[in-house]
Structures are given as C-alpha cells and as structure tokens.
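A.B. asks: Residues per chain, in single letters:
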Amino acid sequence: GAVVSQHPSRVICKSGTSVKIECRSLDFQATTMFWYRQFPKQSLMLMATSNEGSKATYEQGVEKDKFLINHASLTLSTLTVTSAHPEDSSFYICSAPSRGLRATDTQYFGPGTRLTVL
Amino acid sequence: ILNVEQSPQSLHVQEGDSTNFTCSFPSSNFYALHWYRWETAKSPEALFVMTLNGDEKKKGRISATLNTKEGYSYLYIKGSQPEDSATYLCAFYPGATISGNTPLVFGKGTRLSVIA
Chain H
1 GAVVSQHPSR VICKSGTSVK IECRSLDFQA TTMFWYRQFP KQSLMLMATS NEGSKATYEQ
61 GVEKDKFLIN HASLTLSTLT VTSAHPEDSS FYICSAPSRG LRATDTQYFG PGTRLTVL
Chain L
119 ILNVEQSPQS LHVQEGDSTN FTCSFPSSNF YALHWYRWET AKSPEALFVM TLNGDEKKKG
179 RISATLNTKE GYSYLYIKGS QPEDSATYLC AFYPGATISG NTPLVFGKGT RLSVIA
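Taken in sequence, the protein lines are chains H and L.
Per our numbering, the first sequence runs over residues 1 to 118.
Per our numbering, the second sequence runs over residues 119 to 234.
Derived from the structure by calculation, the hints contain no laboratory data.
This structure is a prediction, so every number in the text was calculated from the model and none was measured.
Careful: at least some of the hints might be erroneous.
Claimed, not checked - Lysine-lysine pairs mimicking BS3-like chemistry, simulated, CA-CA at most 27 Å apart:
{"no.": "1", "chain 1": "L", "residue 1": "Lys196", "chain 2": "L", "residue 2": "Lys175"}
{"no.": "2", "chain 1": "L", "residue 1": "Lys160", "chain 2": "H", "residue 2": "Lys20"}
{"no.": "3", "chain 1": "L", "residue 1": "Lys226", "chain 2": "H", "residue 2": "Lys64"}
{"no.": "4", "chain 1": "L", "residue 1": "Lys160", "chain 2": "H", "residue 2": "Lys41"}
Chain L with its partners taken away, still in its complex shape (with noise of 0.2 Å):
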C-alpha cells in the first residue's frame, strides 16, 4: 500500500511568520508529486505540480522543493497571512493502479492556521 506522510498535522504561526512543512513518498516508481491548497468550504485548488529531482517552483510566496530520490518535498510559505490558512495537501502519481485507474494518493495533509 502506497503511502504519503505529511508532517505536521497542524499548525498554527503568527501573522508574518514563514512556515514549512513537509511531504513524504514512496521514492521508487516516482511520476510526480501535487501539492494543493484546500480552504474550508471550498474546492482544493492546485497549487503546484512537480515531477523532476531538484526541481523549485514558486507562486508568490509559496514555493516548494522536490527530492524524489529521497521521497520528500516541501512547501514554504513566505510571511503568512490570515489568507494562507488552509489545509495543504500533497498527492503522489504512483501510475496506473490494478484496477487501471490512475488515481493520486493522497497525504492527510497539514493544516494551516495563522493568527493575525
């Protein structure tokens, strides 16, 4: 059974912190890593797909990093805002599953509170 970690569960940082947090995959059979930010209530919503060792991509103040050889990735947010507090997901794309399907599996995610 695939898994994905995400560390931690949740946290809670002061308005203009910069916070971290990690994802952790399977680091064999490696096709690409998804982070997305879910708000309460709402649709999650992609944030960054990542697929080659090394690679960086950034959005604003987010950013995340990716080491497929040692199966981690994280996601930096930049001076938090009130706006940045969301649940973080991550997904790992293992390929085609047995039943033919090519589904994400998902971490549980990292939720984000920031306190203005």
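Here chain H stands alone, though its shape is the one from the complex (with noise of 0.2 Å):
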C-alpha cells in the first residue's frame, strides 16, 4: 500500500519560534496533500489543503500566515508553524490521497507530528 512519511514525529519549541514539518509520499505522486491537526480528546480537524504548485487553501478560522504550507514537488509538503505559542502545541497529522479527491478515494496518513510549545 501506499506510504506516507512524516518528519519529525516529535518536537519541542520555545514560544515564538517556527517550526517546519515534513510530509512526503514515498511510492506515490500526490498532488494534494490534507493537514488536520488534533486537540487532546478531540477530533481530527482539517486545517488545509496543500497543493502541488499552487497556493493552499484554508479552512475557516485557521490562519494562512501562521500556518505556511508550501507543496513544492509531487512528493513533499511542508507545514511551518510560525512564531509559534503554547496554544498551539496539538497533534499535526498530513494525509495524501490514493488517486483523486473523489468521496471514496481512501486517505494515506502520515504518523503525525507532536509539537508542544513551552
């Protein structure tokens, strides 16, 4: 099946520094790729949709700036949590599509990034 790899699994910051995540699709090409974040006894949340030469697209209330998504090749997204605050430290998880964005095309997810921000 196919593989998506997340880097790094685990990251601890100071309050306002930024931090970059990797998601990349290691035996698959994905033109979009899907970041939900996840609150402790909550629900996955869709935080964007990044795509592969293109500007992402956001969901309401989750802000663009704070949130970079670059899709710069076929394989890889990144996410940069900027200046981040201890509000943000959550669960970060990337998905990739098997083939289109049709209601039953299965997700391949990532194994998700803890970011904890002192």
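The task is to assemble the complex, starting from two chains supplied on their own in separate frames and drawing on the hints.
C.D. replies: See below:
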C-alpha cells in the first residue's frame, strides 16, 4: 500500500520560534495533501489542503500567515508553524488521497507530529 | 457544523469476545463513509470505504454495515485479539466545503483495548 512519512515525529520548541513539519509520499505522487490538527480528546480537524504548484486553501478559522504550507513537489508538502505559541501545541497529521479527490478515495496518513510549545 | 459521533469512547474486552461500535453521521447529503484503524505511534490505516445504503464490508474478522437513511454505521470485530487494540475512527465525506476543499469529517474515535 501507499506510504506517507512525516518528520519530525515529536518537537518541543520555545514560544516565538518557527517549526517546520514535512510530509512525504514515499511510493506515489500526491498532487494534493491534507493537513489535520488534533487537540486532546478531540477529532482530527482539517486545517488546509495543500496543492502542488499552487497556493494552499485553508479552512475557516485557520490563519494562513501562521500556518505556512508549501507543496513544491509531487511528493513533499511542508507545514511551518510560524512564531509558535503554547496554544499551537497539538498533534499535526498529514494525509494524501490514493488517487483523486473523490468521496471513495482512501486517504493515506503519515504517523503525525506532536508539537509542544513551551 | 457537521458532526460525526462515535460510541462508545472507549471499550475494554477480553480476548475472544466479539464487539461492535457505532458511528453516527448526518443522513442528508451523504457521499461516503470511511473507517480507519489507528494504532498508537503509527499511521491511521484505512479499513473500509462505504457508499451504498445497506452496504456490508468484511476484512478478516472485522466487518462494517452502513445505513445512510438513518445515518449510522456499525463496525464489528469477531473474536477480538490483543492486536486489535487500537482507536477506530470513522469519517464522513460531505462534499466540498465553502473553501472548496473536500475534507473528511472525523469522529473522535472509539479506543478498543483487548485484554489477553
């Protein structure tokens, strides 16, 4: 099956610093990748859709200047949390659809990144 | 706001027991329902994608049913094994959002622990 990797798996940083998270599709090309966030005891919530070669589209309430997304190649999308603050501490996870964006297309997920901002 | 509810939140069963849990979703504007299995420190793994009312899918000891008219899906595990311990997520596909994205809307999951 398709494999998506995510790096780092865990990061602890000081308030005010920026953190970059990488999401890679290892054995398939992904023109679209999704970035989700999960707070404790909550469900995975979509933050933004990353599109190769074009701007990401963000869900309502997600600040695009704070969560910078770059999808420069067909196998790599990055999420940069700029000037991170403790309230940004969360679990971030990416996914890529197996084929297209149809309702029946399986999502392949990375293992996630636990971000802790002190 | 679309809401996907999963129950119970957590479940402890003995090895060999059969178990089931529920996913409830809005019955209007249905496109698809996904089930994922998520083991700790691993990536969520797709189990089923279901689209038709009355659909039943099976993968080994795990099966799922779908009722789109009343807005629920059941996941069954027959003869639970310790390796079945994981969080089981369901996700509803409602079509494109205002932003034009096509996200899955996830429930909070059911955490299953199978005790040997």
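A.B. asks: Look at each hint and say if it fits the structure.
C.D. replies: Outcome of the hint check:
1. Lys196(L) / Lys175(L): holds (14 Å)
2. Lys160(L) / Lys20(H): holds (20 Å)
3. Lys226(L) / Lys64(H): holds (25 Å)
4. Lys160(L) / Lys41(H): holds (18 Å)
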